[in-house]
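K.L.:
Respectively, the protein sequence lines represent chains A and B.
If you're matching positions, the first sequence starts at 1 in UniProt numbering and goes up one per residue.
If you're matching positions, the second sequence starts at 1 in UniProt numbering and goes up one per residue.
Certain hints may be false.
Stated by the list, open to error - If you only want the chain A side, here are some residues facing chain B, beta carbon under 10 Å, derived: (1) 103; (2) 104; (3) 106; (4) 118; (5) 119; (6) 120; (7) 165; (8) 173; (9) 176; (10) 179; (11) 180; (12) 183; (13) 184; (14) 200; (15) 203; (16) 204.
Keep in mind that the hints were calculated from the coordinates and are not lab data.
Keep in mind it's a predicted model, so treat the numbers as computed, not measured.
Note that the Cβ used here is the ideal one computed from N, Cα and C, for glycine as well.
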Amino acid sequence: MSKKTCFHCGLDFTTAAINFEEKTFCCNGCKTVYSLLKDHDLSCYYDLQDAPGAQPKTNPELFHFLDNPKIVEQLLEFNDDGVQIVNLYIPHIHCSSCIWVLENFKKLHPAVSSSTVNFGKKSLRITFHSEKGSLKEIVELLSRIGYEPLIRLDDYDKKKKNIDRSIIYKLGIAGFAFGNIMFLSFPEYFQVGEYWLEQYKFLFRWLMFFFALPVVFYAANDYFISAFKGLRSRILNIDVPIALGISVLFLRSTFDIIFNTGSGFFDSLSGLVFFLLLGKFFQQKTYSFLSFERDYKSYFPIGVTKLIGKDKEESIPVHDIQKGDILLIRHEELIPVDCRLLKGKAKIDYSFVTGESKLISKKTGDQLFAGGKPLGGSIEVKVLNTVAQSYLTQLWDQDVFNRDKTSTFTSITNRMSKYFTLAVLSIATIATTFWLFIDSGMALNVFTAVLIIACPCALALAAPFTFGNMLRIFGKQKFYLKNTSVIEQLAHINTVIFDKTGTLTSPKESQVKYEGMPLNASEKSLLKSSLRQSNHPLSRSLYQILKSNNIMTLDAYEEITGKGIQARSKEQQLKIGSADFVGVKQPEKIAMNTAVHIQSNEQYKGHFTFYNKYRKGMSKLFNLLKKDYDLAVLSGDNAGEENNLKKLLPAKTKLVFNQSPQDKLQYIKYHQSEGARVLMVGDGLNDAGALAQSNVGVAISEHVNVFSPACDAIMDASVLQKLYDFISLSKASIRLVKWSFLLSLLYNLVGLYFAVTGQLAPVIAAILMPLSSISVVVFTTIGSNILGKKLN
Amino acid sequence: MSVIYILLSISIVVALIFFAAFILAVKKGQYDDNYTPSVRMLFEDELVKKSTSEKSKTKKVKQH
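Next comes chain B alone, as it looks inside the complex (with noise of 0.2 Å):
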C-alpha cells in the first residue's frame, strides 16, 4: 500500500510543476492584456495573403 506515498508525491509535483508555470506567466505579464493578443494570433496568415494578392495583381498589370 506504500505504493501511494510515490503516488501522492507525483500528483503533488505535477500540480506544483502547473502552479509555478502559472506563477510565471502572471510574472511575464502575460494577464496584464487579455484582448491584443487574440487579434494578434489572426495575423501571421495576414501577411502572406497579402504577398499573393500583391503578385496577382501585378501579373493582372502585366497582361493588359
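With the rest of the complex left out, here is chain A (with noise of 0.2 Å):
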C-alpha cells in the first residue's frame, strides 16, 4: 500500500483511502467538510495552501453548555436586537487558507452575517442574528469544518476589558510634537541675526512651546510615575535621571524663552522622549496568541450536564456546582470538580494534569480528582467539592502564583542607572562650584545643562533594543518568553531542574516491548484485524506499531469499556486487554509502565509493555550544561525508571522521585534558600507550582497555542535539545547590552564637555541626543542579529 496525503487535513496514511471525486481522503470527517465546503463555493480554500484543513472531530456533544443562555449570555461579546458578536479562539488558525474560509463563514450559515479572522491571536470575531440560528450551531459548525474554538472557564469570568492602546498614543503624540518641533526650530540652529528671523522668532518659540506640553505632561507621565515609585522605595532606577532630564529639559527652556536667554531645547525634549518610547514600543512585543498567565480556568469547560431526577438533563456553569450534585461527564469532557463515579467504568486520563498519558481505570465508589478526562464513554459522577476547593485548583491559592517575579529582580539597566545617577549629580555640583567662583551669571547655566546633556537615553535604549530583538530570534526558534527580562534572568540562572515525564521523555512516541510466548501468525493476523476496530488510545498506537499483517474478517467482536477487546474468527478466540480481563495478576516489575495483556483459546500468551521513550538529544544537553550548572530531575512517578536515567544522564545529576506538585515547589524553595538560581522545565499542571517558584519558569509544549501552565517562557518541544544555546545566547546579549552602556557613555563624555564648560546651545543638543540614541540602536540591532545567528 503506497503512502498517500489527505487531500484535505494533509495527514499521511496507509489504510484505505476514501476517494471522491478523484481526491483522497484519509477519513469520512475530511470529506465531508470538502464537499461542504464545495457545496458553498468554497473550494478556493484548497488553492490557498495545500491541505489547509484539520480532521474534524467527531464530538458534537462537547458544545452541550451553549444550550444555557445564562453560559451563552456571559461569552457575547455584543447582544441587542437580535444581533450578538462573539469572539472565539480557535488554535487551529494557522494559514492564509484559514483566514480565507472562515471570512467567508456567512456562506455557511445563513445566521452569520460578518466572521473577522484575528491572526495573531488566533480569534474569530463573528456577527450573527439570533432569530436565524444559535450560537451553539454555529459553533457546532466550526468545529464539523475542523474549526473547532476553544472555550474555557476564563472566557466566562473575564470581563469586557478594554485594550491598551496607550504607548501607540503617546507614541503617535511625541512623533507629533517631535517633527513640527524639529521644523519651528530650525531657522534659529544656523543663529544669523536676519531683520524677520529676529522679528518672529518668540512666534516659533512660543509654539514649540504649545507642541511639548502634551509631550511633557501625557507622553512621558509613565517615567515620572516610575522615577517616583522608584525614589519612594529608595531605589535610584533608569527613570528618575530619565524624570530629572525631562524636568530640568521643560524648565530651562520655559525660562529661556520667557526671559529670551535662548531658544530652548524642545526639540531635543520630544526627540528624546519619542526615542524612548520608541524603545519602550519595541521591547513591548508579546504573543498575543500564548497565554503566560494561565491557571486552571484556562483549562476548563465553561458549562457541565447536571442530571436531576432520572432523566432529566441540564446544562449549568462550573461555578453553580453545589456538593451533592450528580453530574453527567462524557467522553472526553474534562472533570470540573473532586467527585466520586457512580456509573460507568472508567478509564480516566490525567495527563493534562501530570503530563502522562498513561490511563488509570476507576471502578463504582471510587475518587476521581479535578482534571481527569474519561475515555470510552460517559459516566455519572457525585460533586465532592466545588470547583473552587478542589485539589487540583487550591493549587493557585498559594502566593507563588500571586508574587510578581520581576519585583525581585533588578534588570542590569537599573544596576547601572545608580552609579550613573550618583556621577551625573556629583559632576553637575562639582561644575556648579566652579563656575560659582569663575562666574556665578554661568553656574545655573552649566548645572542644567549638565543634567540634560546627561540624561541616559541611549544608556535606557540598549537593554530595550537588544532584549526586545533577541525575543524576537527566539521566537522564531519556537522559544517564546514572557518578557524581555526573562532573558536577564535567564543569563544568571546557575541551577537547571527538569520533570521527567512529558519534559524528557515525549509522550507522543512510545516504544512496545513484547513479553511472552510468541504469537503464531493467526493470532497475529486476528490481533491487528480487533485492533483496528478500537478507538481505545492503546489500541491505536498499538495497531500502529504491528506489522501489517492480512486483514481477516471477524466472526465476533466486542469492546468491554475499561476493560478490553474480546473478537473471534473461526476457530481463533482472542481476549486484549488488562490484566484482570484476561484473568492473570498485574507483574510487579511493570506496574508503573501500562500494559496490553494478550489471551489467545482461553491461554494466557503475553503482554505488550509500552515504555516512554526519551526525546532525541537529552544526553548531549545534559552533557553541555554539566559544565556551568547543578542539574536535577524531579519526577512524579516511582523510581522505576531510575536505571534507564542513570545510564543516560551524567552522573552528577540528581534524581529525585515521587515529587508531588508541592514537594517540587518545595524543592526549588529550598535550594534558592540556598543561592541557587533555578531554571526549572516542565509540561504539566504538576508543574505549574514549581514554575512559578523558580526564577525562571519554562513550559514544554508539544502545541504551543494549545496547552501549557503559567510560566515565564513557552518553549516547543522540538527545540528542548538547543536550550544550552538559548542560555548562552541570553549571556551574550548582556556582554551586548555593556558594550552599548559603553558607547553611550562615550557620547555623554562628549557632550558633558560641552556642558561643563558652558557651551552647550541648543544644536549642539539635538545632534548630540539622537545621534547617540541611534548609533546604539544600530549597533544593539546588528549586534543582537549577528549573534542570533549562531542558533540556527
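Build the complex from these two chains, which are given one at a time in their own frames, with help from the hints.
P.N.:
Below, the structure written as C-alpha cells:
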C-alpha cells in the first residue's frame, strides 16, 4: 500500500482511503468538510494552501453547555435586538486559507452576517442574528469543518476589558510633536541675526512650547510615575535620571523663552521622549496568541451536564456546581471537580494534570480528582467539592502564583543607573561650584546643561532594543518568552531542574516491548484486525506499531469499556486488554508502565508493554549543561526509571522521585534559600507550582498554542535540545548591552565637555541626543542579529 | 511678511488633521492586528478566479 496524503488535512495514511471526486481523503470527516465547502463555493480554500484543514472531531456533544442561556450571555460581546457578536479563540488558525474560509463563513450558515479573523490572536469575531441560528449551531458547524473553538472557564469570568493602546497614542503624540518642533526650531539653529527671524522668533518659540506640553505631561508621564515609585522605595532606577532630565529640559527651556535668553531645548526634549517610547514599544512585543498567565480556568470547561431526577439533563455553569450534585461527564470532557464515580467503569486520562499519557482505571465508588478526562464512555459522578475547593484548583491559592517575579529582580539597566545618577549629580555639583567662583551668572546654566546632556536616553535604549530583538530571534526558534526580563534572568541562573515525564520523555512517542510466548500467524492477524476496530488510545498506538498482516473478517467482536476487547474469527478466539480482564495478575515490575495483555483460546500468551521514549538529544544537552550548572530531575513517578536515567544522564545529576506538585515547589524553594537561581523546565499542571517558584519557569509544549501552565517562557518540545544555546545567547546579549552602555557613555562624555565648559547650545544637544540614540540602536540591533545567527 | 502667520496656521492645521486621523485610526482598532489585513487584501481576486475556473471546469465536462 503506497503512502498518500489527505487532500484536506495533509495527514499521511496507509489504510484504505476514501476516494471522492478524484481526490483522496484519510477519513470521512475530511471528505465531509471538502464536500461542504465545495457545495458552498468555497473550494478555493484548497488553492491558497495545500492541505490546510484539520481532521474534524466527531464529538458535537462537547458544546452541550451552549444550551444554557446564562452561559451564552456571558460569552457574547454584544447582544442587542437579535444581533449578537461573539469572539472565539480557534487554535487551528494557521494559514491564509484559514483566514479566507473563516471570513467567508457567512456562506456556510445563514445566521452569520460577518466574520473577522485576527490572525495574531488566532481569534474569530462573528456577528450573527440570533433568530436565524444559535451560538451552539455556529460553534458546532465551526468544529465540523475542523475549526473547533476553545471555550474555557476564563472566557466566562473575563470582564469585557478595553485594549490598552496608550503606548501607541503616546508614541504618536511624541512623534508628531518632535517633527513639528524640529521644523519650528530649524531657523534658529544657524543663529543668523536676520531681521525677520528676530521679529518672528517669539512666535516660533511659543509654538514649540505648546507642542512640547502634551509630550511632557502626557507622553512622558510613565517615566515620572516610575521615577516617583522608585524613589519612594529608595531605588535609583533608570527612570529617575530620565525624569530629572525631562523636567530640567522643560523648565530651563521655558525660562529661556520667557526671559529671552535662548531658544530652549524643546526639540531635544520631544526627540528624547520619542526615542524612549520607541524603545518601550519595541520591547513590548508579546505573543498575543500565547498566554503566560494561565491557571486552571484556561483549561476548565464552562458548563457541565447536571442530572436532575432520573432522565432530566440540564447544562449548568461550572461555578454553579454544588456539593452532592450528580453530573454526567461525557467522553473526553474534563472533570471540573473532585467527585465520586457513581456509574460506568472509566479509564481516566490525567495527562492534562500530570503530563503522562497513562490511563488510570477507576471503578464505581472510587474518588476522581478534578482535571481528568474519561475516555471510552460517559460516566456519572457525585460532586464532593466545589470547583474552588478541589485539589487541583487549590494549588493556585498559594502565594507563589500571586508574586510578581520581576519585582524581586533588578535589571541590568537599573543596576547601572544607580552609579550613573550619582556620577551625574556629583559632576553637576562640582561644575556648578567651580563656575560659582569664576562666573556666577553661568553657574545655573552649567548645572542644567549637565543634567540635560547626561539624560540617559541611549543608556535606556540599549537594553530594550537588545533584549527586544533577542526576544524575536528566540520566537523564530519556537522559544517564546513572556517579556524581556526573562532573558536577563536566564543569563543569571546556576541550577537547571527538569521534570521527567512529558519533558525529558515524549508523550507522543512510546516504545513497545512484547514479553511472553510468541504469537502465531493467525493470532497476529486476528490481533491486528481486532485492534483496527477499537478507538481506545492504546489500541490505536499498538495498531500503528504492529507490522501489517492480512486483515481478516471477524465473526465476533466486542469491546468492553474500561476492560478490553474480545474477538473471534473461526476457531481462533482472542482476548486483549487489562490484566484482570484476561485473568492474570498485573506483574509487579511493569506496574508503572501500561501493558496490554493477550489471551488466546483461554490461554495466557503475554503482554505488550509501553515505555516512554526519551526525547532526542537529551544526553547531549545534559553533558553541555553539566559544566556550568547544577542539574536535577524531579519526577512524580516512582523510581522504576532510575537505572535508565542514570545511563542517559551525567553522573552528577540528582534524581528525585515520587515528588508531588507541592514537593517540587518546596525542593526549589529550599535550593533558592541556599543561593541557587533555578531554571525549571516542566510541562504539566503538576509542575505549575515549581514553574512559578523558580527564577525562570519554562513550559515544554507539543502544541504551543494549546496547552501550557503559567510560566515565564513556552518552548516548543522540538527545540528543547537547544536549551544550552538559548542560555548562552542570553549571556551574550547581556555582554552586548554592557558594550552599548560603554558606547552611550562615550557620547555622554562628549556632551559633558560642552556642558561643563558652558558651551552647550541647543543645536549641539539636538544633534548629540538623536545621534547617540540611533548609534546605540544600530549597534545593538546588528550585534544581536549576528549573535542570533549562531542559533541556526 | 505677515504672510508667515497664514502659512504657519495652514501648516499647523494640516499637521493637526493628520494627527487626528492617526488618533482615529488607533481608536478604531486599526493597529490591533497588523497581520491579517495584509492577507485579507489579497482575497478579493480569489473569489473571481474561483468562479471562472469553476466555469471552465463545467465547460470541459460538457465537451466530454
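K.L.:
For every hint, state whether the structure bears it out.
P.N.:
Status of the hints after comparison with the structure:
1. 103: Holds, about 7 Å.
2. 104: 8 Å, holds
3. 106: 13 Å, violated
4. 118: This interface hint holds because 5 Å falls under the 10 Å limit.
5. 119: This hint holds: residue 119(A) lies near chain B, its Cβ roughly 4 Å from the closest one there, short of 10 Å.
6. 120: With Cβ-Cβ at 5 Å, under 10 Å, it holds.
7. 165: 6 Å, holds
8. 173: 8 Å, holds
9. 176: 5 Å, holds
10. 179: With a closest approach of 8 Å, the residue 179(A) hint holds.
11. 180: Constraint on residue 180(A) satisfied, holds at 6 Å.
12. 183: Hint on residue 183(A): holds, closest Cβ of chain B at ~8 Å, below 10 Å.
13. 184: 9 Å, holds
14. 200: 6 Å, holds
15. 203: Status holds, d = 7 Å.
16. 204: 8 Å, holds
Of the numbered hints listed earlier, the single one contradicted by the structure is hint 3.
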